[in-house]
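In terms of the numbering used here, the sequence shown opens at residue 15 and continues consecutively.
None of these hints come from the bench; they were simulated from the model. Incorrect hints may appear among the rest.
[To be verified] Now the in silico label distances, taken between C-beta atoms and shown as ranges:
id, residue 1, residue 2, range
1, D199, Q156, 17 to 23 Å
2, G112, G155, 28 to 34 Å
3, A165, L141, 28 to 34 Å
All C-beta atoms in this analysis are idealised placements derived from N, C-alpha and C, irrespective of residue type, glycine included.
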Amino acid sequence: MQRSDTRRPWICKKEGLGNDKTVLSGAKPCTGLQTSPQAARAGAPATTAQPRVIGQTFEGRPFDLAGLRGKVVLVVFWSTTCAVCRDKMSELRANYEGWRGQPFEMVLVNQDRRLQDVQAYEQILALTVPRAQRFPQLWSGQPGYVDSFGAQAVLPATYIINKDGAVEKAYAGRIPPEAWDDIADLL
């Protein structure tokens, strides 16, 4: 797989997210997402739609990404079959806990095909992870689930959404350490 920027191979260019990203071979562009002012100044095409994630959390509560406007949001698409995804969970929980009380939220969208796989993972979490360290999670196979991010070519797929509801950064694959700095800068 050839990438246009070998220094930052995890960053995935998605349509409308700015020129500082790279395209992963075979990745489908994300359409209809609002660009940040920084990305727009970099020459990215302007769009008007906000990124959308609507569904029901694993706890059965309704969820709408639009309700988190005013917060920096990390949206992570993942799967229980993805070793990198599972490996990053403790890092995600630590950062989530560390930014408690800040205008920050983390939302995970599970991409497993079978509900049983998600439920088995959740049973393990219920026994091993304190409730305070758990963040909203949705299953993309749930009836009524919709998002505007499109099909994810690589998991994990991670998006940083700024307080205005625009996508600031997108990463495909392992979340790089500087992603946490990017979030801190937006807070």
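We went through each hint and held it up to the structure:
| no. | hint | verdict |
| --- | --- | --- |
| 1 | D199 <-> Q156: 17 to 23 Å | violated, 33 Å |
| 2 | G112 <-> G155: 28 to 34 Å | holds, 31 Å |
| 3 | A165 <-> L141: 28 to 34 Å | holds, 33 Å |
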